[in-house]
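S.K.: Residue strings, one per chain:
Number of protein chains: 2
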Amino acid sequence: MEGRDVKLKSIITISRQFGSGGREIGEKLAKKLDIPFYDRELITRAAKESGFSEAAFENVEKKATNSLLYSIAMGMNAYGSHDIGFTHLSLDDQIFLAQSNVIRKLALEGPSVIVGRCADYILRDYKDVIHVFIWADLKFRKERAIKLYNYSEENAEESILKLDKHRANYYNYHSNEKWGRVENYHLSIRSDHVGIDNAVELIADYIKLSERG
Amino acid sequence: MEGRDVKLKSIITISRQFGSGGREIGEKLAKKLDIPFYDRELITRAAKESGFSEAAFENVEKKATNSLLYSIAMGMNAYGSHDIGFTHLSLDDQIFLAQSNVIRKLALEGPSVIVGRCADYILRDYKDVIHVFIWADLKFRKERAIKLYNYSEENAEESILKLDKHRANYYNYHSNEKWGRVENYHLSIRSDHVGIDNAVELIADYIKLSERG
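Protein chains in written order, with this note's numbering: chain A, 2 to 214; chain B, 2 to 214.
Calculated from the structure, these hints are not laboratory results. Warning: the hint list may mix true and false statements.
For identical chains, the list gives no copy identity; a pair is met inside one copy or between any two copies.
In silico BS3-like pairs for lysine-lysine, Cα to Cα no more than 27 Å straight-line [claimed, not checked]:
hint	residue 1	residue 2
1	K128	K140
2	K143	K128
3	K106	K128
4	K10	K140
5	K140	K209
6	K163	K179
7	K179	K32
8	K29	K166
9	K33	K163
10	K166	K10
11	K29	K209
12	K33	K209
13	K106	K140
Quick caveat: nothing in here was measured; it's all calculated off a predicted structure.
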């Protein structure tokens with residue numbers, strides 16, 4: 002199946018464990034389907050539009066270390082925080098809202114691939130959005146972390162698990178959902194088993210199959 | 002992709018939420034790939050080989066209502082129960098062991114599709130086994146339960162959730178793993194979104210892609 006055969010109408014969100022190749026899969030998928038790819042670009046765009054500095058955005062994920070502790074520290078209720086006025090929100094929540102607005106705007110612009118940033122949660126009520134989760138064996142992720150991100154053999158594993166935890170905490174805090182819960186995704190794939198390029202092909206197959214009904 | 006094109010070496014296990022069409026998907030996949038399909042047949046075979054009555058097997062899942070309560074009631078430790086001698090096990094555990102032995106024997110016979118019975122856990126260390134999880138929206142499952150299994154409109158939802166709980170408890174008790182956890186499956190698919198027949202095709206695609214490496 003080639004990109005040109007696909008009468009694409011879907012937006013694809015990709016959530017992924019650190020080192021699973023989810024970002025690479027998203028990038029290759031977008032290229033294959035000839036649609037835009039958003040990851041950090043999204044943050045940059047959000048930062049520019051909302052006037053927040055890019056550095057502030059980069060720290061958001063790390064700060065959301067625990068939804069309960071975090072909300073206590075922020076002096077608010079984790080469950081009602083998105084319903085109160087923008088100006089009463091913490092800086093981190095304001096950034097999350099700005100990102101959410103960007104993601105919603107992108108969704109109106111047509112098909113794209115969006116990696117991370119709770120995009121699956123933000124677009125949960127949108128039609129024609131396909132949510133994908135990519136995970137992989139820890140050994141595979143460790144090898145990728147060392148090879149691609151220059152982690153040392155000694156602390157690669159610890160770093161991976163910590164980064165996963167950051168992602169989970171960030172997601173769980175902002176969504177009140179559980180990161181990596183199978184029911185949040187139309188399709189979940191183990192990338193080290195089927196392979197990065199095959200995972201791209203499989204997602205493209207899923208889109209083709211689901212769109213033909 | 003037709004069955005004849007597939008140089009199949011894999012066994013496919015399918016775990017599924019009640020009413021998601023997982024059994025139907027398994028049956029159609031086996032037909033497409035021209036390999037055996039095992040579900041209740043497996044129980045019959047296990048029952049015959051081990052001498053237990055089929056009725057005793059049918060009740061196993063319902064009895065495993067809660068791994069902790071269950072193990073207390075059985076007067077044993079849920080964690081060590083598989084390591085003690087066969088004759089010291091409860092009847093239910095003996096049946097589970099007999100089923101496990103049958104599944105392991107089937108795995109030696111070549112490619113097949115095995116639905117349920119903790120087959121993914123039992124074959125977790127086997128090579129060339131692909132574990133699939135099928136889930137679906139509750140509305141879809143309710144409609145199937147009413148249409149295919151004659152559940153009443155009034156209690157279909159309650160029954161579905163109860164049956165899911167039975168499956169989860171049965172799985173969690175015997176595996177000390179968590180049923181429906183994304184990391185236990187190579188591939189997880191939302192059947193009501195992509196459709197039953199498309200899910201079959203997608204699994205066949207996954208097998209083809211993973212076997213070509």
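S.K.: Taking 27 Å as the upper bound on the Cα-Cα distance, should K143 and K128 be classified as within, between, both, or neither?
M.R.: The answer is between: 22 Å across copies meets 27 Å, while 36 Å in one copy does not.
S.K.: Is it within, between, both or neither when you check K166 against K10 at 27 Å Cα-Cα?
M.R.: neither (33 Å within a copy, 36 Å between copies)
S.K.: 27 Å Cα cut-off: does K163 pair with K179 within a copy, between copies, both or neither?
M.R.: Both: 17 Å inside a copy, 22 Å across copies.
S.K.: Check K128 against K140 for me: Cα-Cα at most 27 Å, and say if that holds within a copy, between copies, both or neither.
M.R.: between (36 Å within a copy, 17 Å between copies)
S.K.: Classify it for me, K10 with K140: is the Cα-Cα distance of at most 27 Å met within a copy, between copies, both or neither?
M.R.: between (36 Å within a copy, 24 Å between copies)
S.K.: What label fits K106 with K128 when the C-alpha limit is 27 Å: within, between, both, or neither?
M.R.: Only inside one copy: K106 and K128 sit 14 Å apart there, 45 Å across copies, limit 27 Å.
S.K.: Within a copy, between copies, both or neither: where do K33 and K209 come within 27 Å Cα-Cα?
M.R.: both (13 Å within a copy, 20 Å between copies)
S.K.: Which holds for K106 with K140 at a C-alpha limit of 27 Å: within a copy, between copies, both or neither?
M.R.: neither (38 Å within a copy, 30 Å between copies)
S.K.: Evaluate K29 and K166 at a C-alpha cut-off of 27 Å and name the case that applies: within, between, both or neither.
M.R.: So K29 and K166 pass the 27 Å test inside one copy only (26 Å; across, 39 Å).
S.K.: First find the shortest C-alpha distance between K29 and K209 inside one copy, then the shortest across copies, and answer within, between, both or neither for a cut-off of 27 Å.
M.R.: For K29 and K209, the Cα distance is within 27 Å both inside one copy (16 Å) and across copies (20 Å).
S.K.: Is it within, between, both or neither when you check K33 against K163 at 27 Å Cα-Cα?
M.R.: neither (32 Å within a copy, 43 Å between copies)
S.K.: Between copies, within a copy, both or neither: which fits K140 and K209 at Cα up to 27 Å?
M.R.: For K140 and K209, the Cα distance is within 27 Å only across copies (24 Å; inside one copy 32 Å).
When the structure is compared with the earlier hints, violations turn up for hints 7, 9, 10, 13 and for no others.
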